[in-house]
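> Chain residues, written in single-letter form:
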Amino acid sequence: MNTTGEITGLLMRARQGDAGASDELYPAVYDHLRAIAGGYFRNQRPDQTLQATALVHEAYLKLIDQTSADWRDRTHFFAVAAQAMRQILVDHARSRSAKKRGKGWSRVSLERIEQNLAMSGDDEQSGIDDVLWLDEAMTELAAFAPRQAQIVELRFFAGLSVDQIAEAVGVSPRTVDLDWKLARAWLVQNLMKSNEA
Amino acid sequence: MNFSPDNFEDVRQLFHELCELSPELRQDRLRSLEETDALLGAEVRSLLECADVDCPAIDEAPSSILNLLNDYSDEHRLAFADAAMADDEAPARIGPYHICERLGQGGMGVVHRAEQTEPIRREVALKLVRAGMATRAMLARFEAERQTLASMNHAGIAKVYDAGVTDDGRPYFVMEYVPGEPLAQFCDVQRLSVEDRITLFIAVCDAVNHAHRRGVIHRDLKPSNVLVEMENGVSTPHVIDFGIAKALTATVNDPMTETAPGLLLGAPLYMSPEQAAHEHVVDTRSDVYSLGVMLHELLCGRTPIDPAELRTKSSGAVAEHVRKQEASAPSRCFASMPEEDRIRIAAERGCTPRALQSALRGELDWITMKALSREPGGRYESPSDLAADLQRRARREPVEAGPPTMRYRAGRFVARYRVACIAAAIVFLVLMTGVGGVLWQSRQTKIEMRNTAQVNQFLHKVLSSNSPWRTGGAALTLRAVLDEAAKDLELNDKLTTLTRARLHNTIGATYWGLSAYDEALIHFNQSLSLFISTVGEANSETIGVMSNMCHLLHRMGRDEESEAIGRRGLDLADRHLPPNAEVTGNIITNFGALLEDLGRDEEAEALLWRSVEVRRNQHSPEDLAQSLSNLGSYLMNKNQIDAAREYLEESVTIGVEKLGQDHPVTMFAQMNYSILQMRTNELSEALVLLENVMDRCRRVYGPRNFETISYSRKLIVLYAAMQRLGDSESLALESLEVSRTEFGPAHPMTIDLTEHYVAAVGMQGRIDESFEIARPLYEEFNEALGPDHMATRRIARLIGEIYDTIGDKENTDHWRAIAAGSPGSKPLSPIGDDS
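Order-wise, the sequence lines are chains Y and F.
The first sequence begins at 1133 in the working numbering and counts up one residue at a time.
The second sequence begins at 188 in the working numbering and counts up one residue at a time.
Hints should not be assumed to be uniformly reliable.
[Said to hold, decoys possible] Simulated restraints on C-beta separations: (1) F:W796 - Y:E1272: 55 to 61 Å; (2) Y:G1152 - F:R333: 17 to 23 Å; (3) F:W796 - Y:D1202: 42 to 48 Å; (4) Y:R1145 - F:Q512: 43 to 49 Å; (5) F:R400 - Y:G1152: 55 to 61 Å.
It should be emphasised that the hints constitute simulated quantities derived from the structure, not laboratory data.
We put the beta carbon where it would ideally sit given N, CA and C, even for glycine.
Please model the entire structure based on the sequences and the hints provided.
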């Protein structure tokens, strides 16, 4: 059995309610995404810029047997991949941040709310802080608004479009659009509050 | 104030509802809400306010994530290299195996001799694989094959006993230990004669054939995977690593891995072309090819590809080399070596160079070359067929392999063509995954410029100097490949309608890249009707195709149709897509450019501004630079020079800094900037910039491309403005000829160039000559297109202008009247209005 069949098989079994398959799916997808992101498949092309979207889709093409998977497997795959991508990048951000500062991450500063203020000198660091903050905030959001949090996850970490998210989440594009607005507003609010605190 | 789980559903519903309202209604609704439920009202109000706050931490998250991902990738690329180093250290003990001395090292990892202690005590070879491979999947593949591997029972095959993972996560394989020497080394050290080498080689074929009959393909046959054991004066070859190459390579040889070309696992020198191309038809005949390479080396001392040639190449270039290289026969290869090498190699075979040369020539050459056929179908069906032919030769019977014939050569030709096909398939993948999306992810194609550049790079790469296709012209070749693909798409009934719709769009885009507009339009039309029948009109992909068609029809000079589809698409985008959607940006831009050309200033200007606004909210420097350029160029035409300079400068800066000098959008921006310089009379600065852009343009797009020609047109005008009339004339003539054949004699571009050409001739005082050019053209157009066609009228006007310069009033008026067309005709745009 090859890899393509392996992940596709897990997806199909998961669809048929096999809990074991669901459990195996995440680590398998996680491993593969890590290998792809780690340049394993492109170590001859160091000049290439990687994009989360392209990467997740590359993984999709690589790991899913297109002939036997149906749309439910596809949406399931993207959901799992977005989650894995988030995990990989947030872990990386933590280790980066720890290396840089010698401790955990610091709070996202107020400047990051107001666009017109010049960004702090260390753009890279603020990018890392942004992602760490986002991750925490998304976790908080997911506690009472799981669908909205997932929409944010699919948008940022799998780079899906509104239509694709709609398919993955199973609601209309219009709802995705509004839910995204809501989630974003909540995130802004959360950021303002944490700055006030 | 922050909402909580208990009232989330209420908040959500109110938020959705209020979002859709106008600001006034929203305020009214909020006030009444706050009266009934102050807490809830305050929450919703706070959220609605937050919705309008710009927040880089969120809005720029995609770029933060992108940076993080690339940073991760960089760090881990290094980590892989580190891991490869660390892999050289094996622990003293792995499971039941006690690790002894190192036996060798290959691309995949290190091999040690080891002693197994339980359940039985034996000597084994343990191969420790580099970290970084998908361990679990690899072992799963191995497990799946374990039964098959166990069924192999042949003295010439080293058994694979076991596989597992070390404590630090590195996979390993355990094999039968063979105390032997690698094949090539053994033969040379023992100074085996050609005949003895062939005898050993036949034994190798026999072992590989045994595995094939049990359904196991080796995939990585090479001399270091054949160990020769000497026992009591009898030498027995053992093929090692059966089943391991497959477990290791399945990951990278999966379908769709063409998206990551360049990675070769295994030894490129011994790899079949289809393996190097990552084709999925790897079968027993791929092993036959590798055996052919080994035979070649055993006979003449070198592999068909000179290892020295590969050493300096990147992995991608190696793969390409392996796919394309024509192997030369062993005798020929031997003859081409320096004398000292020939003396040494012959000595290792116990003979003189001359004797070796004549031993190889003829049947051994033919047999080797048959095994090395580029097409699997041209090779021996199995290793035993190869062995049988060698045995026939030894018995002096006629061999199955023959000398190269016409058919053989024709086969070669087809093989080359196949390379083009494979490469074309890769280009398609690039286009589809990078620009479109193969199966369902689809972003609007920003086709023309980027595709042209990609297609040309592809042509440059595939159709190198010795290509038989070269005489037909590069474009013809890709056309042939593309036509095949288009035909395939018609015949392939396995595709879903949606995939078909997307592929038509992509193929259309590729035709467009080759300036094959009619074909492009046919495919876009098909794509559009398929999209409408599946996902409907109100869909970003459907609108994306409309946007392409609007642009293409505009380019083809079919303005009315362009306007109709552009307006329809924009209307749909406005009603159904988010205002900052990428597709919305594209249709606004394409439709705006059309309206600008049609002289609908008010509407066009609004769209050009909107296009910049929309794209400032997106994340593509390429798109933004393009929109800025369009706006700048429009403002320049409206004589708002300072504003134009501001936007064009921004566009050039983005281009140079973010996209690079050779990027189509950068060149476009610089071209516009040079025109601004012309307008402000900085002619010599303009000339330096424009000539520089032209050079890059010819290189990136090719000399016969529409973009190149339209850039030439600007340079023709500039030369004329600088009174360099000779330069202007010759560039105009050259471009005119290209334009006539590529875009058609009545294409607006061709007419523009005719005007410039005639003007340059006339301005040099050669009035008669200018009449001689214009008159027959007029008659031709009048005949073919009628008196009211734009092309006919423009040439009539041109003739009138020439009469005007020589002061012939009567004829001037006559021709100007013809140029005006029948009553109610659209006025012509002024001469030379193209800059």
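> Confirm or reject each hint.
Quick rundown of the hints versus the structure:
{"no.": "1", "hint": "F:W796 - Y:E1272: 55 to 61 Å", "verdict": "40 Å, violated"}
{"no.": "2", "hint": "Y:G1152 - F:R333: 17 to 23 Å", "verdict": "22 Å, holds"}
{"no.": "3", "hint": "F:W796 - Y:D1202: 42 to 48 Å", "verdict": "45 Å, holds"}
{"no.": "4", "hint": "Y:R1145 - F:Q512: 43 to 49 Å", "verdict": "45 Å, holds"}
{"no.": "5", "hint": "F:R400 - Y:G1152: 55 to 61 Å", "verdict": "37 Å, violated"}
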